[in-house]
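K.L.:
Chains as they are written, first to last, in our numbering: chain A, 6 to 332; chain B, 220 to 487.
Where hints are given, some of them may not hold.
Cut-off 30 Å, straight-line C-alpha distance, at most; resulting in silico cross-link-like pairs (BS3-like, lysine-lysine) [claimed, not checked]:
no.	chain 1	residue 1	chain 2	residue 2
1	B	Lys448	A	Lys42
2	A	Lys224	A	Lys99
3	A	Lys99	A	Lys170
4	B	Lys472	A	Lys224
5	B	Lys448	A	Lys307
6	A	Lys307	B	Lys458
7	B	Lys448	A	Lys224
These are computed hints drawn from the structure, not numbers from a lab.
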Amino acid sequence: MNNEEYKGLMVFAEQREGKIHPVAYELLGKGTEIAQKLNIEVSAVVLGSDLGDEINELFYYGAEKVYSYNHPVLADFDLLNYKHNVARLINEVKPETLLIGATHLGRSLAPRIAAAVNTGLTADCTALEVGDEGNLVQIRPAFSGNILAHIRTTTRPQMATVRYKVMQKLPRDPSRKGEIIEKEPEIIESVLKIVSKESSGGVNIAEADVIVCGGRGVKSSTDFELLQDLADAFGGIVGCTRPIVDDGWMGKEHQVGFSGNTVKPKLYIAVGLSGSPQHLAGMRDSDVIVAINADPSAPIFKLADYGVVGDLYEVVPKLAAEARQRS
Amino acid sequence: MDIIVPVKQVPDMERVKFDTEAGRIDRSSASGEINPFDLNALETAVQLKEKLGGTVTTISMGPPQAETSVRDSLARGADRGILLVGKEFAGADTWATSYALAAAIQKLGKWNIIICGEKTVDGDTGQVGPEIAEWLDIPHVAYVSEIRDASESGITVVCEMEADHYGIESPLPTLITVTKDINVPRLPSFADKMKARKAEIEQWGASDLSEFADPTNLGLKGSPTRLNKVVIPSEEGRKGEVFRGSPEDATKKIADALQALGVLGSAK
Ligand SMILES: Cc1cc2nc3c(=O)[nH]c(=O)nc-3n(C[C@H](O)[C@H](O)[C@H](O)COP(=O)(O)OP(=O)(O)OC[C@H]3O[C@@H](n4cnc5c(N)ncnc54)[C@H](O)[C@@H]3O)c2cc1C
Ligand SMILES: Cc1cc2nc3c(=O)[nH]c(=O)nc-3n(C[C@H](O)[C@H](O)[C@H](O)COP(=O)(O)OP(=O)(O)OC[C@H]3O[C@@H](n4cnc5c(N)ncnc54)[C@H](O)[C@@H]3O)c2cc1C
Chain A
6 MNNEEYKGLM VFAEQREGKI HPVAYELLGK GTEIAQKLNI EVSAVVLGSD LGDEINELFY
66 YGAEKVYSYN HPVLADFDLL NYKHNVARLI NEVKPETLLI GATHLGRSLA PRIAAAVNTG
126 LTADCTALEV GDEGNLVQIR PAFSGNILAH IRTTTRPQMA TVRYKVMQKL PRDPSRKGEI
186 IEKEPEIIES VLKIVSKESS GGVNIAEADV IVCGGRGVKS STDFELLQDL ADAFGGIVGC
246 TRPIVDDGWM GKEHQVGFSG NTVKPKLYIA VGLSGSPQHL AGMRDSDVIV AINADPSAPI
306 FKLADYGVVG DLYEVVPKLA AEARQRS
Chain B
220 MDIIVPVKQV PDMERVKFDT EAGRIDRSSA SGEINPFDLN ALETAVQLKE KLGGTVTTIS
280 MGPPQAETSV RDSLARGADR GILLVGKEFA GADTWATSYA LAAAIQKLGK WNIIICGEKT
340 VDGDTGQVGP EIAEWLDIPH VAYVSEIRDA SESGITVVCE MEADHYGIES PLPTLITVTK
400 DINVPRLPSF ADKMKARKAE IEQWGASDLS EFADPTNLGL KGSPTRLNKV VIPSEEGRKG
460 EVFRGSPEDA TKKIADALQA LGVLGSAK
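Generate the whole structure from the sequences, applying the supplied hints.
P.N.:
Printed below as a string of structure tokens:
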């Protein structure tokens with residue numbers, strides 16, 4: 006492999022039901038910043054079926070070029086067809102860097118592409134920097150969020166999946182234009198068949214600005230109404246720790262942590278949860294953290310901006326009332 | 220149904236110590252155990268075997284002490300255990316790890332399903348499973364939280380795509396990676412542990428894979444990513460104001476602070 010042949014930065018733009026996932030806009034924002042430093046081009050690749058004007062959004066958020074693949078088979082995530090076509094594009098265009106959102110789709114697809122084009126892949130980055138020789142320094146949490154690893158790739162493209170909501174998108178500018186390059190997809194047999202699709206009632210905790218998260222300190226499932234009331238007072242939604250999901254009190258879509266959802270709200274209120282390493286792995290990057298716990302030695306206080314040592318049954322209703330008075 | 224479960228030995232996360240100043244992970248501070256997600260993978264495999272017959276083979280690539288994790292897999296229902304061991308494998312990233320595991324799987328020859336964990340608690344990339352599938356040129360489904368149906372010809376699973384759940388049908392051979400929600404792993408009985416203690420663990424080195432793997436692709440040498448440094452973040456930077464007085468007083472102070480920060484009241 007001759008690394009010199011590889012030029013430019015490419016963003017894989019995931020779409021679901023014809024809507025581009027906002028992490029792609031964030032990656033275009035970061036990509037533009039990197040591209041300005043290195044004086045290179047920023048492109049995007051999108052696969053779908055009749056995406057129409059949605060493709061222009063990629064230009065509004067910073068792409069200079071968009072490689073577009075249009076075919077009914079590509080409407081939904083067809084792993085092998087997505088992999089096959091993106092790998093072909095990489096071998097043809099030879100981007101120096103390829104960024105992919107670290108969604109479930111991205112984290113399933115990216116390693117297949119990396120193995121197919123024989124290059125290194127860094128997982129779930131939370132920061133990207135330009136290193137001394139113009140190479141990409143990829144920074145990512147590992148060991149259940151306890152450490153940050155700095156990783157460099159010796160092959161090209163340098164591939165990374167990047168966590169949602171950590172990079173800044175550019176302001177949307179509909180006057181921005183770029184070049185659409187329609188690519189003819191090469192469709193291979195779809196051996197993986199999607200036979201059903203269900204959505205968990207619209208709860209998407211990763212999108213919430215305020216989360217009130219309850220743990221085992223909450224004594225019964227009906228007591229979660231107290232937390233719901235606090236969440237309502239802040240215009241937020243309720244989350245929970247893993248034991249609460251294991252007990253069947255709340256659905257998995259509410260679980261925050263290493264084996265659940267990773268969140269980064271403006272305000273995180275931790276109620277009656279101890280702050281285990283696995284829980285912290287899912288919320289440590291929240292902007293402001295408030296903890297309510299009866300035990301002053303609970304680890305969650307080490308991560309909190311503000312804490313109350315006290316009984317949640319007393320503190321939660323009072324904080325809800327305070328919040329209502331002021332909003 | 221012949222099933223392969225790759226398992227990784229990881230440090231016990233409750234015990235492992237991190238040296239903030241030196242930026243080092245003190246691996247000797249905690250004993251090794253099977254990656255928790257791989258326990259779910261093993262349980263999935265054993266349940267499929269109970270239903271459809273067949274065998275479960277577990278493979279781990281790691282240092283000599285990873286043998287205890289392979290043995291533990293036997294106690295948990297695997298029939299055969301293989302350890303890929305030797306300095307040639309050391310320092311592998313996910314590309315080189317998956318390359319070596321795929322070579323070992325090719326050497327095994329006869330199998331229908333490979334079941335991996337969703338990710339590990341240390342490296343935490345979730346990349347090894349899909350990369351193995353690419354080397355073997357088979358399909359894969361990641362983030363599987365349920366097996367709906369399985370037979371000799373195919374498997375139907377539920378795959379979690381954040382808030383969406385997709386039912387997916389895959390022909391065999393295939394690879395799946397499973398979440399912690401797929402089952403509750405059983406604890407091995409005393410008798411199973413005793414039996415596993417005496418069982419033979421096969422050790423394969425790089426030379427045993429020569430038919431399927433180019434030695435220059437193994438270990439650190441074969442790895443396209445490099446770990447340049449490790450930073451252990453301290454939680455400084457957080458205000459850490461903890462109120463212990465009356466709840467009225469504490470909630471007022473917190474509400475004041477949140478209002479000043481714009482996350483309450485005026486900003487909305
Ligand atoms: C591989 C793996 C993955 C995991 N993934 C996750 C994950 O994604 N998310 C997750 O949350 N966990 C996860 N866990 C589990 C994790 O290790 C902890 O067991 C869990 O987070 C503890 O939940 P908790 O804080 O609610 O309960 P506890 O640790 O029991 O804490 C309860 C807290 O409530 C306080 N309390 C009790 N009563 C009151 C009261 N009246 N008022 C105020 N405070 C009170 C107590 O002081 C205590 O601190 C995982 C574990 C493993 C091994
Ligand atoms: C701090 C740190 C950060 C790292 N970051 C990266 C990175 O971004 N990119 C990269 O390519 N490498 C990275 N590595 C190297 C990577 O951790 C190793 O390659 C490791 O051998 C496998 O990766 P994983 O732990 O992420 O496994 P995952 O891909 O998370 O494991 C998924 C599943 O694959 C199977 N599996 C994984 N490893 C083995 C094994 N050794 N034997 C048998 N089965 C196994 C298990 O079923 C497991 O559940 C990093 C290492 C460290 C220490």
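K.L.:
A separate judgement is required for each hint: does it hold in the structure or not?
P.N.:
To see whether the hints hold, each was checked on the structure:
1. Lys448(B) with Lys42(A): 23 Å, holds
2. Lys224(A) with Lys99(A): 57 Å, violated
3. Lys99(A) with Lys170(A): 27 Å, holds
4. Lys472(B) with Lys224(A): This hinted pair holds, its Cα atoms lying about 26 Å apart.
5. Lys448(B) with Lys307(A): Holds, at about 25 Å.
6. Lys307(A) with Lys458(B): Holds. Lys307(A) to Lys458(B) sits at ~10 Å (cutoff 30 Å).
7. Lys448(B) with Lys224(A): Violated: Lys448(B) and Lys224(A) sit about 43 Å apart, past 30 Å.
Comparing the model with each numbered hint stated earlier shows that hints 2, 7 do not hold.
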